[in-house]
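Read top to bottom, the protein sequences are chains S and Y. The letter at position 203 of the first sequence is residue 202 when you use numbering that gives the first Met the number 0, and the numbering goes up by one with no holes. The letter at position 336 of the second sequence is residue 335 when you use numbering that gives the first Met the number 0, and the numbering goes up by one with no holes.
In short, the hints are calculated from the structure, not lab data. Glycine included, C-beta positions come from ideal geometry on N, C-alpha and C. Be aware that one or more of the hints could be misleading.
[To be verified] One-sided excerpt, in silico: chain S residues whose CB lies under 7 Å from chain Y: (1) Val166; (2) Arg206; (3) Ala207.
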Amino acid sequence: MSDVLLPVAIAVPLVAATLPLALGLKYERAGWPVAAVATTALAGLAAAIGIEVARGGALSHALGTYEPPIGIELVADELSVAVLALVAAVSLATLAFARVAGPRGNSFYSGYLLLVGGLTGLVLTGDLFNMFVFLEIVGISTYALIAADRSGASAYASLKYLVVGTVGASLYLLGVGYAFLATGTLNMLDMQAQIVQQASYADPLIRASYALIVAGLGLKIAVFPIHAWQPDAYQRAPDAVTTVVAALVSTASAYALIRVSYTVFTVDFLAANDAITTGMLIVAGASILAGSALAAMQSDLKRMFAYSSVAQFGMIVAAIALANETALLGGIVHLVGHGLLKFGLFLGIGLLALGYGARKLDDLASAARSAPYTSGAVALLGLGLVGIPPSIGFLGKWYIGVGAVESSMAGGDPAGIGIAVVIFVSTLFTLSYVARVIERFYFAGVGLSDGHGDDHDESGHGDGGGHDDADRGVAADGGRESVTDDDGDGPLTPVEGAPRSRLVPDRVPPASLAILVLAALTTVALGFGGYALFEWFDPYLTEVFA
Amino acid sequence: MNPILTSVPPYVLLAFAALAVLALPRRSGHAVAALATAFTFAQAVLLGDGGTGAHLATQFLGFDVVWFNVDQFSLLMGVVVGFLATAAVLYAYGTEAPTWVTAFALIYVATTVGTIYAGDWLTLIFFWELMAVTSTLLVWQYGGAAVRAGYRYAIFHGIGGTLLLGAVVVHFANAGTFLFSATDGIDASATLLAAIGIGVNCGFIFLHTWLPDTYPRPHVAASVFLSVFTTKTAVYVMYRAFPEGGMWLAYLGGFMAVYGAFFALLQYDPRRLLSYHIQAQVGYMLAGLGLATYVGEFAVTGGFAHLFNNVLYKSLLFMAVGVVIYRTDVEDIRDMGGLWRVMPVTFLVYVVGAASITAVPGFNGFISKGMVIDSAHEVHNFELLFGEGLLWWLLILGGVGTFMSFIKLGYYVFFHGSATLSPKDATPFQTAGMVLAGGACVFFGVFYYQLIELMPFTEIILSEDVYFKPYSMSHLTESAALLVTGFVGFFALKRPLAWLAHHMRDVDAVTYPATFYLGRGSVWGVTELWAAVDRAVMATIASAEWIGMHPREALARAGVDVEIRTGIGRSVLFLTLTAGVALFVFVLS
């Protein structure tokens, strides 16, 4: 019975989360291997689920012996498989970086696996209350992970997220409670039917329920103006945590919003309540603009891309509220694509911080000279974020924009055109901050003499041998004193003890660099797969818009 | 009719010949060039025998076009351009013209012929613009002072060509076709654009300064080509645009005749003097064409006959003067003198040319200028002395001025004190070219029926209804009076004219500096305006960026003292407010 894969996929990381702590009693470094095995297993399970879905359509599994609608149902359809694949891939890929960048310790890996398990459950569940449980598992493990490096700033960020996140989750729970009052069920598909049978789309209880759920999930997604926890959390968290959180946590919450909006409340509910969609579109538009503008104002790299996420999730919320097929396709594609792009970007930033101590825009002068592959991959991902084809970043934005225009054309609602304009303006903002990064990479510090040779000697391990042959090419024209300006225009220089590789001049961990390059290339490759993506999501969209 | 004759547009051959001149040795290259121009001439002559029609009518860019339009008017242009170009090629060969000069000249002839044989406005404007380009190249080839003059020439013709292009576009927008055959001239709404656009090439007063500015500068052989094609083609195109003529055109022609002759009288550079006469002679032609409706076909024929003759004698004069310059390297007639003894052939040719342009009986100018003046005789709009109208008096005055200036030119070059220079006479090939052109001048002066045969409306002119007797007593008397007046006038007014020549400037003394400073001013203005815009934009961006990067400081400077970062408490407040607003909107809507 193949649908047993679903509970197994959730159980593997959750059960494995206990092992580092348990084994930690005996082995000091048990965490990483356990996490590696568990996430690898999850990746295999995700692939198996994907194949099953591709062959036979949606899977479902009733937990325990209780049949739905009483019991808890797990469901995997095309949408959840796509997000599940992202969760599995990112959680596996981040481990390579976490191994070198930290945080270390068994408790970190327990939290990490708990997060992965929560995300998996969130994606696969078919029950509203069960979704709340996984939302809380994700939330709590995220709070813990953000503070994992035990610094004051991260503790504050974690506390901030803890407080507002708890309130947000409570709002969601309140909304679910209202819906339960109105319908008497918690199973998603059953509630979809019961809303029509026992209540109506105009029922104040149903509307209030949706309002609370949107507000709660909106906080988790971090849309303007309830995004305030997110930049702090992303900036202050350890780099490896930021990588996984930025790629998955908000993404899973946005997935939950899509799931609740289209599977539970349905497109007819949205169509019947213009004020709701209009309100969501206004918030989404504000989020897109404010996020982009705030991102353009930042000088800290992680904070810059954190605000960028506010804008990008604004687009996804807009796609949900537009409630037409093209826009929703764009929203889903952007959901997955943005997760991948942000994973790559935060990984790249983390690598530069690890190898060169660069955390601010000004630190990046001539990064392309000393770290060509890292810089190139980050630049490629950045351009994808701007939406330059061929990249999955372009596809998602494009479909959302087209869907927005279509909705205006069809319904005469000016909000659609407004969203299209806002997306365009946001693209310009995105270009402005991505261009600043690329400008630092490739053009800043051109007039400076190359100080790499000296720095290599200072930071060298003195272990003889030709370990830095690859660096000689860079150093060959150097050898002079480096002229470092006080305003931070000095060229990027590796930190002491930065890793070396014989293959590339980048002073970053090679395994992570390989993953980064792979991620960058994947975004481009997916950009060519527009039609395949359309084919993949077509059954889901057909069902939703039936 | 041989289909080859009607299917080979001569300008294609001429263009290939231009390449051949560059590729082949000098002698054989010029031979090919002469053959190509001679073919143009022969083809036009042969096509005159029943070969008219719109040949090579096709579609280009989706428009109906005619690439080889043969009718009475284009044929007479083809005959004279082909004939004269042949003579000019011989002359160029005899004047040691560099092969580049002959090649540019030939491609210039090719574009001229293309303009002539165009059967629609699209083809015409295409060749018209090319004509401006090729003639500019011909001027520039000489280098030195010709470069700046050529640049001014290019600006003039660029503006003129653009105006005509505008006229063609307006014409198409209104008429819906480019074909000549579909409309009677250019559309009325494009009149002003077309008149000014073509008028630049015609040398309308105030638009003429490029003429005396450019034509004296390049190689003497290049001057021979330039002097006859651009302006005469413009007159021909003027007729295409305004077949009905118009009194404005006639009077403009009259004033051009006086203006050009008067300024010619003040010149000491021989080619500059001749250039002003181009304007004057074009004036006669336009006067004839302008009377197309008022007087009739006789005036049109007179205008075209004058055009035809002018091509012959004007180039002849440029050739003769060119020989003197070529042999002496002197370009001021006051430094010449007494050359008739050492250059008898050149002197003789000059006399033929001068007699033709001043309308001495027995030379072709007498026939055609007489026709124009006869036409003007019938115009009595503004009657002055002796019951004659203003137009007639203008043309007569222009004739007197012409005669005076050619007495002046001949007197200074060939007589005027003792010979200080002793150059050789014309080379054999120069002589050959000059004899061709000069022979034609005399031939059509004597056998004027041949001239009328080449013209349109032959039957009407030769019919009994029209009074066409050039050698009648009244014409001869008129001519004699003109000549005597001119002769006496020159020697009587020699000193005042010399004084005037030092003090009287043409309009270019004002227009060129004005254009220059206007251009420089506008460039400066645009640049500075752009710089100001740029500074403002960059300052705005910089301040926006600073505010964005330092929001706290910006707020502090504005006197606002608040914490803008959202802490935990404020975050929860926002969340609660959002949920509240959402509830309010979602439920109560």
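Structure-based check of each hint:
{"no.": "1", "hint": "Val166", "in the structure": "holds, 6 Å"}
{"no.": "2", "hint": "Arg206", "in the structure": "holds, 5 Å"}
{"no.": "3", "hint": "Ala207", "in the structure": "holds, 5 Å"}
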